[in-house]
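With the hints as constraints, model all of the structure from the sequences given.
These are the residues of each chain, in order.
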Amino acid sequence: MSSLLALGFDPSFFSDVWSFVDANADELQAGLRRTLLVSAIAIAGAFFIGLVLGAARAHRVPVVSQLAAVYVEVIRNTPILVQIFFLFYGLPQIGVRLEAFTVAWLAVMIWGGAFNTENFRAGFEAVPARLREAGFALGFGGISTFLNVTLPIGGRIALPSSINTYISVVKNTSLMYVISYPELTTTVLQVQALTLQTVEAFTVLAATYLIIVWTLSALIRFLESHLALPKAL
Amino acid sequence: MNLPDWVGDVARYMLEEGLVNTLRIAGISLAGAVLIGVTLGTLMTIRFLPLRGVIRLYIEFWRGLPILVTIFIIYFLLPAVSLSLRFEALTAAAIGLILWGSAQVAEATRGAVQSIPREQHEAASALGFGWVGRHAFVIMPQALRRLLPPLVSLLVNIIQNTTIAQVIGANELLESGERSVERLTAPPPIGLGEIHSFEIYAAVMAIFFVISFPLTRLAAYLEKRLI
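Protein chains in written order, with the numbering used here: chain P, 1 to 233; chain R, 1001 to 1227.
Misleading hints may appear alongside valid ones.
As the list claims (entries may be wrong) - Selected chain P positions facing chain R (Cβ under 10 angstroms, derived; list incomplete):
#, residue
1, Ile80
2, Phe85
3, Gln93
4, Arg97
5, Phe101
6, Asn172
7, Leu189
8, Val199
9, Phe202
10, Thr203
11, Ile212
12, Trp214
By construction, these hints were calculated from the structure, which means they are not laboratory data. Quick reminder that beta carbons are idealized off the backbone N, C-alpha and C, glycines included.
As structure tokens, then:
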């Protein structure tokens, strides 16, 4: 502690940060809530997109599989920030005006859906063919084999990588700063501009993201150890 | 096909200013990220807990923050702490990308170094190599092969994430596109009084796609080929 003091570290820093949070509690809470809301909508959508398109890719459903491949490659090979600009500033030229909130969840949902399609495709393709054959042998049709065999096993294989995608979705909501959607990053920078408490503001901003991201990373490690497939499979 | 008059000037500006700066930030960031990341990742394989702990914290910290927040910290927070830590937008963006990228490379390097069987270490030691010689001449040449596919993927990510520099006003490709949109929107004689945001942002996406797509294919190919 004394060496920290010698470096010019002021122990009252923590109480400064706390009083910053206390004084701006309403704004910060609203910002955090919007970040979580946008993330939740996008994650739910990305889960659904990944499930459907990942299954279509893994089982080579004609047309859908090819369209999904194009969607995945376009999204993965262009920056998400440019996608946000295109949705919010580009589309109005052809008469499509989206609200900031809509672009906020839509952009990260489209982005997360593309990465999730790959996660689920890899998970479904990792299911051994003999398990599906066993399903057919028991008299299940294509869809019931998928629902009862491929999905439970492949979904478990895809879970860690898909949570990684959801973590990136949460982090990417910070980019909504460029369309002035008042999520966490935008809110903290607005508060910082008003209060000029730069150190406190960025400490709170960084700490909040780290808490969210580190919690989700811990969840991945927990699931990886508890949902690992039995060796017999 | 006849293109409108403005296209030539805008394209030249975006490619000569924007794209050049994008590639410059990406090149510097990749070099810095690989240099720092390979060093930290290799050091992490030493069985010395405090060192491991510090590097682990470095990795989790810069991987956990959104890159935008990292760049804001460098561009807005550091000058508030000390005036000597004031950086230009392009530099601040490159530093942010190096911090994030080096964390990614360190984690990948740790895995690659640890994947080399311990017999290789023992054989090198038996030949009289010390820790540095063993890693430089025996372990790293093999680990780098396994590291190549993730490094190509990292390059794609770095190129795409250079656009975040736009937020602090660095004139990379996206910013040069935005400036072109604003210029064209301005009433004559400054601009044309026309909105061309759709075409210009679509073009920015197309340019990034043309650069990234071959690289992601290359990464997939290397992954199949080298392992």
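Hint by hint, which ones does this structure get wrong, listed from lowest number up? 4 and 5
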